[in-house]
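Enquirer: Sequence:
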Amino acid sequence: MHPSLTPPGPGAIAGYVGPGAFARGAAYRDQGRVTSLHWDPRVLRLEGTVRGSLPLYRASVWFARAGRTLEIDDSSCTCPVGSDCKHVAALLLEAYHAGQDGGLDDAPGPAAAVTSSPAWRRTLDRLPATAPATTPGEARVTPLALQLRLDGRPGSGVSVRPVKQGAKGGWSGGYEVSWDLLPHEYYGERWEPVARDWLLELAAMRRPTGYRYGSSTWENLAGFTSRVLWPHLARAVELGVPLVAAGKGSLRLAGGAAAALDLTADAGGLRLTPTMTFDGRPTTAPVRGNVGDGGLFALEDDVLVLGPTPAPLSLAAIELLHADPVVVPAADVADFWSGYHPRLARQIALTSSDASVALPAPALPTLVVTASFEGPPLLRLACAWEYATPSGPVTYPWRATTRDAASRDLVAEQKVRDAVAQTVRALDALADLTLGDELTLTDVDALDAAEVLLPALRDVPDVRVDVVEQPAYRELAGAPTVALTTLDTERTDWFDLAVSVQVAGHEVPVRSIIEALGSGKKRLVLVDGTWLRLDHPALERLRDLLDEASRLSDRPGRPYAPSINRYHAGLWEDLDELADVVDVPERWRASVGGLLALTSDGAAARPQTRPVPDGLRADLRPYQQQGFEWLAFCHEHGLGGILADDMGLGKTLQTLALVAHARAASPQAPPFLVVAPASVVSNWAAEAARFAPGLRVVIRTTTSTRAAAPLADEVAGADVVVTSYAIFRLDSTAFHDLPWAGLVLDEAQFVKNHASRVNACARSLPAPFKLAITGTPMENDVGELWALLAVVAPGLYPSRRRFAEDFVKPLTAAARPGAAPAVRAHAAARADLLRRRVRPLMLRRTKEQVAPELPERQEQVLAVDLAPGHRRAYDARLQRERTRVLGMLDDVDGNRLAIFKSLTTLRRMALDASLVDPEAYDGVPSSKLDVLADQLLEVAAEGHRALVFSQFTSYLSLVSARLDALGLRHAYLDGTTRRRADVIRSFKDGDAPLFLISLKAGGFGLNLTEADHVYLLDPWWNPATEAQAVDRTHRIGQTRPVNVVRMVAAGTIEEKVMELKERKAAAVSAVLGDGDDVFSRSLDADDLRALFTPHH
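For the record, in the sequence shown the residue sitting at position 36 is 36 according to this note's numbering, with numbers rising by one throughout.
Honestly, the hints are just simulated from the structure, not real lab data.
These numbers were taken from a predicted model, which means no experiment stands behind them.
Check each hint, because a few of them may be wrong.
As the list claims (entries may be wrong) - DSS-like, lysine-lysine: derived pairs with alpha carbons at most 30 Å apart:
1. Lys988 <-> Lys1000
2. Lys901 <-> Lys1000
3. Lys847 <-> Lys1000
My request is simple: use the sequences and hints to build the entire structure.
Expert: Given below as structure tokens:
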């Protein structure tokens, strides 16, 4: 044993053999009874002989390696115990002590002894020998054979064992020649090698049975489960390996064997007798049976005959071979043929040795598909298997059960199933259909089954289709005819839509069409068996329009019973265009039709239908005339609207024309209420005095609690009452208590928040006509447009939630970075739909469309590089704010105030660091202020006049101080300025070349065409804010080119704002203009992250 391997010690030995065997084995070892030791390192096996009661016992121990330690795996001994005995213990103890003394030689020999050989000798002596050391004449070659015997009671089986030939020629077994010890040669014998190898190959075919006690001798042949068992037995004859029978009998190995059930007539009944044949010859031996499931045996006189079967025997066949004959009475023969014959025929061969019974061919299955129609819309399909038997057909369910599986040919059934499945998959319709015990199909599926599936199944072999009451289907061909009618309802301004559809003169229920299209069907089957295709564009368009009408009338899910009101002129226009027959009341046609005519293409070129009011002192341009007519029409029909012309196109003039027209038509009517920003209230009075001096205008600047007289007394006899949004909100009760001819909201973006108090006041004010005036009906998102429509046209989109689902959500989703093309396409379609629906109620013209004579407007982005000191201060602050903000973006809404505080800080830093912390940044230069001062000096020197805008009044104050230091005269206007009108007039009429204005205070409602230069000092993401500022001078009345300079601090958040603003500007046109881009939304986490990304 190699010195690097440690043999098991006494404790491990005792634990393996047990204390009793260990004690006796230790005594044997001490008595010197271990006569030889042999260590085989190739298989980790220790062998030796131990002198016991007989001359010698041969013991073997097998080990497993665990690192450098050997662990006992198994053992055997030729003693009666067989293993784990005292002889094994003595052998292990001898090996242990030999290892302690110097190791075992890795070669056979006498018991190892203590040696004092040099290390080199011990090393070389331990090398394995090439072959066991033997001497001539020491061993003889012993022939081997395989012995077979019948086990126990007759028919229980055949067992085998290896045997050796004795000196007298007889065959005997024993422990030394058992299956387990066959690989070893003891007592100086050598096995005949060909026979030994053949027996070892046979032993390898045994099925493992777990732990064996002692040495195995006899093994049941059924335990040899290899498929090559029988060829291996046949090969023994070729190799000369004897196959011998136990006892005095002989043995014959047949080439083949077969089992059968013989059917013979017996007094009108049947006798079923199990039979067996070897090499085609029947045997009548009473002792017979099976060898596992692959062979048969029989004892014919004293000859044991064995042979293999051509196929594995079924369990039923094995049971029948061991059973007595079965007699079926005449009365039960029919039951036998229908219930038992099919099962037996698939378990064992059936014969009739005397030809007294006519054996039918094995029944093959037929799949019977029963199609039962219950009216055209419903079809039930049932599948079952049918087998033909001598006593009639037998039916089985679609799926086999444990009770009937043996009676059916499941392989043949599966082939039919596969053929049916392949046929169904090849169909264009019903390709996903899976047949079963019972299946119900409706509508189009029933139609497809009748016209496609059933004919295809009839062509599949071994399939029969039985049809019960198939209806006569007929297609309705031709284009659909749509008829449309509106009916009065109890709801004010609402009309029910009555829609009917005919195809080929056949009335088709609209509800059925819509539900079929909604479920994705391409055809519709009616109750009388007629059907039509739904892929006609008119039907799909009708479904979309009626679904929209149901959502607008807050009846989602009921598109077959929609309603519509006068605000839905755009929807009605599409319905009217689709319908072939339209029958509506005249008042509906006059109201909705007239509105559509006024806002349709080319309406501006129509001859004037309403004269300019006598009291109007102005010549209206063509587009202003169209605007006046549209306003007058809406007023006369009680329809609200949005006048959304570009800034500077005379929205105030068009509105005054309407007021003058209405007052001339109804002098006794209540006054119009105009609500405007505080900075614009006085402008309304001035414009009215200029263009409509005959109108009596009352300005309300205080609430009822501070006013000298009640509101009713103050406005008595007035034509127009003008107040601010603040007064309107604070004194809303007083305004609600009075009658008004109409409500006009100037700069209506002030009510764009639907949740604001001023929006609620505007919505609830009782007035027959409401008008919103704004050049920017949307600034941030499309939800602001809904807020305006809720005031002026509450019936257009009554539900804000549905408006959000239909428009806000899809447009918001498309604006996200990386939005899928399909998402963007859907959003573009929604934006287009919204634009068409709003168009009749919103009149919007751009300067490019209606005032091409306006002088050119030059726009320039002036990048300003920060001075080194300014740059260092800005970059340091950027890192600080960016670290703060990035941690808040997971909850933008919850941290919005803190995020925008950081955003504002960076915007101030880009302008002038002292705006953030005058002490900390004392002495840091303002790069933009230096560049601006140089620019304004040049503008003033050349005789131009300029408007300078900023959102930060603190920065405007710094600009004002610098201009004072330079001696440049200028006017100043912000939210704290008193006597605003005087300040504005001083600039318009005076000679100061510069006007500093805060965007919030002067970005709207001012006409400052005296200036021809505009400076925007701090860009912001809302494009409408800057557009309003620029339009203070670039408007009707301007005669000189206007130069617009946007000053942007390079490498700062201002550049990021410019990028974001471009996206916002493109978004607005998606709903209000003709662009294909989709509308964005307010700043979200992605926008904010981009704004705080460092510049490179």
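Enquirer: Determine for every hint whether it applies to the structure shown.
Expert: Hints, verified against the model:
no.: 1; hint: Lys988 <-> Lys1000; verdict: 20 Å, holds
no.: 2; hint: Lys901 <-> Lys1000; verdict: 18 Å, holds
no.: 3; hint: Lys847 <-> Lys1000; verdict: 23 Å, holds
Hint violations for this structure: none, all hints satisfied.
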